[in-house]
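Chains as they are written, first to last, in the working numbering: chain A, 23 to 137; chain B, 35 to 151.
Be careful, since some hints might not be right.
[As the list claims (entries may be wrong)] Lysine-lysine pairs mimicking DSBU-like chemistry, simulated, CA-CA at most 30 Å apart:
#: 1; chain 1: A; residue 1: LYS40; chain 2: B; residue 2: LYS92
#: 2; chain 1: A; residue 1: LYS58; chain 2: A; residue 2: LYS74
#: 3; chain 1: B; residue 1: LYS111; chain 2: A; residue 2: LYS44
#: 4; chain 1: B; residue 1: LYS103; chain 2: B; residue 2: LYS92
#: 5; chain 1: B; residue 1: LYS83; chain 2: B; residue 2: LYS56
#: 6; chain 1: A; residue 1: LYS41; chain 2: B; residue 2: LYS103
#: 7; chain 1: A; residue 1: LYS41; chain 2: B; residue 2: LYS92
#: 8; chain 1: A; residue 1: LYS74; chain 2: A; residue 2: LYS41
#: 9; chain 1: B; residue 1: LYS83; chain 2: B; residue 2: LYS111
#: 10; chain 1: A; residue 1: LYS63; chain 2: B; residue 2: LYS83
#: 11; chain 1: A; residue 1: LYS63; chain 2: B; residue 2: LYS111
#: 12; chain 1: B; residue 1: LYS92; chain 2: A; residue 2: LYS62
#: 13; chain 1: A; residue 1: LYS62; chain 2: A; residue 2: LYS44
#: 14; chain 1: B; residue 1: LYS143; chain 2: A; residue 2: LYS62
#: 15; chain 1: B; residue 1: LYS103; chain 2: A; residue 2: LYS62
#: 16; chain 1: B; residue 1: LYS143; chain 2: A; residue 2: LYS44
#: 17; chain 1: B; residue 1: LYS143; chain 2: B; residue 2: LYS111
#: 18; chain 1: A; residue 1: LYS74; chain 2: B; residue 2: LYS111
#: 19; chain 1: A; residue 1: LYS58; chain 2: A; residue 2: LYS40
#: 20; chain 1: A; residue 1: LYS40; chain 2: B; residue 2: LYS83
#: 21; chain 1: A; residue 1: LYS63; chain 2: A; residue 2: LYS40
#: 22; chain 1: A; residue 1: LYS74; chain 2: B; residue 2: LYS103
#: 23; chain 1: B; residue 1: LYS56; chain 2: A; residue 2: LYS41
#: 24; chain 1: B; residue 1: LYS56; chain 2: A; residue 2: LYS44
#: 25; chain 1: B; residue 1: LYS92; chain 2: A; residue 2: LYS74
#: 26; chain 1: B; residue 1: LYS56; chain 2: B; residue 2: LYS103
#: 27; chain 1: B; residue 1: LYS56; chain 2: B; residue 2: LYS111
#: 28; chain 1: B; residue 1: LYS83; chain 2: A; residue 2: LYS62
#: 29; chain 1: B; residue 1: LYS111; chain 2: A; residue 2: LYS41
#: 30; chain 1: B; residue 1: LYS56; chain 2: A; residue 2: LYS74
#: 31; chain 1: A; residue 1: LYS58; chain 2: A; residue 2: LYS41
#: 32; chain 1: A; residue 1: LYS63; chain 2: B; residue 2: LYS143
#: 33; chain 1: A; residue 1: LYS44; chain 2: B; residue 2: LYS103
#: 34; chain 1: A; residue 1: LYS62; chain 2: A; residue 2: LYS40
#: 35; chain 1: A; residue 1: LYS44; chain 2: A; residue 2: LYS63
#: 36; chain 1: A; residue 1: LYS74; chain 2: A; residue 2: LYS40
#: 37; chain 1: A; residue 1: LYS44; chain 2: B; residue 2: LYS92
[Said to hold, decoys possible] Per the computed footprint, the stretches of chain B lying under chain A, defined by three or more beta-carbons under 8 Å from a beta-carbon of chain A, are:
#: 38; region: 45-57
#: 39; region: 71-83
These aren't lab readings, by the way, just hints derived from the structure by calculation. This structure is a prediction, so every number in the text was calculated from the model and none was measured. All C-beta atoms in this analysis are idealised placements derived from N, C-alpha and C, irrespective of residue type, glycine included.
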Amino acid sequence: ETGVTQTPRHLVMGMTNKKSLKCEQHLGHNAMYWYKQSAKKPLELMFVYNFKEQTENNSVPSRFSPECPNSSHLFLHLHTLQPEDSALYLCASSRTSGGNTGELFFGEGSRLTVL
Amino acid sequence: AQSVAQPEDQVNVAEGNPLTVKCTYSVSGNPYLFWYVQYPNRGLQFLLKYITGDNLVKGSYGFEAEFNKSQTSFHLKKPSALVSDSALYFCAVRDMSSGGGADGLTFGKGTHLIIQP
Numbered sequence: 023e024t025g026v027t028q029t030p031r032h033l034v035m036g037m038t039n040k041k042s043l044k045c046e047q048h049l050g051h052n053a054m055y056w057y058k059q060s061a062k063k064p065l066e067l068m069f070v071y072n073f074k075e076q077t078e079n080n081s082v083p084s085r086f087s088p089e090c091p092n093s094s095h096l097f098l099h100l101h102t103l104q105p106e107d108s109a110l111y112l113c114a115s116s117r118t119s120g121g122n123t124g125e126l127f128f129g130e131g132s133r134l135t136v137l
Numbered sequence: 035a036q037s038v039a040q041p042e043d044q045v046n047v048a049e050g051n052p053l054t055v056k057c058t059y060s061v062s063g064n065p066y067l068f069w070y071v072q073y074p075n076r077g078l079q080f081l082l083k084y085i086t087g088d089n090l091v092k093g094s095y096g097f098e099a100e101f102n103k104s105q106t107s108f109h110l111k112k113p114s115a116l117v118s119d120s121a122l123y124f125c126a127v128r129d130m131s132s133g134g135g136a137d138g139l140t141f142g143k144g145t146h147l148i149i150q151p
């Protein structure tokens, strides 16, 4: 069982729908991340939260809206997505102090299909 | 800016033979280097990391990687491949000068490793 849990594992939505992806980590980490994984492309870092504060937004379109209510939970709210947004969305967490070397711990991912 | 290159989309190896998956990196300072493995429909699992010290790093499932600073490489190796090693492998880097902040890792595009029985 992974220390990072993502739900749902699979999601199919229309371009006009609104849905959310959820991530929860049980590792006591302070930082959480959203990555996008598309076929034959490097993992794309989307958002970074450190102690609930967003510290990085890699020019992600506004149709993706992250929320981090506390250090253990991270959401990705989705609205008016495009078919090219279909991908595997990976959540990860890490420490940010005490000899942090940047190692990330990943969830199993949420496979999103936009019709 | 930091970057990772994995020059091979796919590596094919016969079971029992040694395997190598290549990775080169670019950072402005000294690197933290990582290898992750991804099985179908799963997240990324940590295999091993180089922080400092011995250039040969040993990790999970019999994998090891060799840090070569002059060639800016961090190739993943295993002496004897198993069919169960077939998966997608990612190399990743973080600039050590980033300190204790949260800034994620920069990943390569991944290499499919196929072990043939």
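For this session: With a cut-off of 30 Å on the C-alpha distance, tell me whether A/LYS74 and B/LYS103 pass.
Result: 36 Å, violated
Problem set entry | Proposed proximity, B/LYS111 with B/LYS83 (alpha carbon, max 30 Å) | 13 Å, holds
For this session: Quickly compare the C-alpha distance for B/LYS56 and A/LYS41 to 30 Å and report which way the hint goes.
Result: 39 Å, violated
For this session: Would you check the hint for A/LYS58 and A/LYS40, treating anything up to 30 Å between C-alpha atoms as holding?
Result: 18 Å, holds
Problem set entry | Pair hint A/LYS62 and A/LYS40, alpha-carbon separation not exceeding 30 Å | Given pair A/LYS62, A/LYS40 holds - Cα atoms ~27 Å apart, limit 30 Å.
Problem set entry | Satisfaction of hint between A/LYS44 and B/LYS143, Cα-Cα up to 30 Å | Holds: B/LYS143 and A/LYS44 sit about 25 Å apart, inside 30 Å.
Problem set entry | Given pair status - A/LYS74, B/LYS92, alpha carbons within 30 Å | 34 Å, violated
Problem set entry | Restraint status (C-alpha distance of A/LYS63 to A/LYS40 at most 30 Å) | Within the cut-off at roughly 26 Å; holds.
Problem set entry | Proposed proximity, B/LYS143 with A/LYS63 (alpha carbon, max 30 Å) | Given that 30 Å is the threshold and the Cα spacing comes to 5 Å, the pair holds.
Exercise. When you check the alpha-carbon spacing of A/LYS41 and B/LYS92, does it fall within 30 Å?
Worked result: This hinted pair is violated, its Cα atoms lying about 42 Å apart.
Problem set entry | Check of the region 45-57 of chain B against chain A for coverage (Cβ-Cβ below 8 Å, three residues minimum) | As far as the region 45-57 of chain B goes, the hint is violated, because 0 residues have Cβ atoms under 8 Å from chain A.
Exercise. Is the hinted pair A/LYS44 and B/LYS92 satisfied, with a Cα-Cα distance of at most 30 Å?
Worked result: Cα-Cα ~34 Å, so violated.
When each numbered hint is compared with the structure, violations occur for hints 1, 3, 6, 7, 18, 20, 22, 23, 24, 25, 29, 30, 33, 37 and 38.
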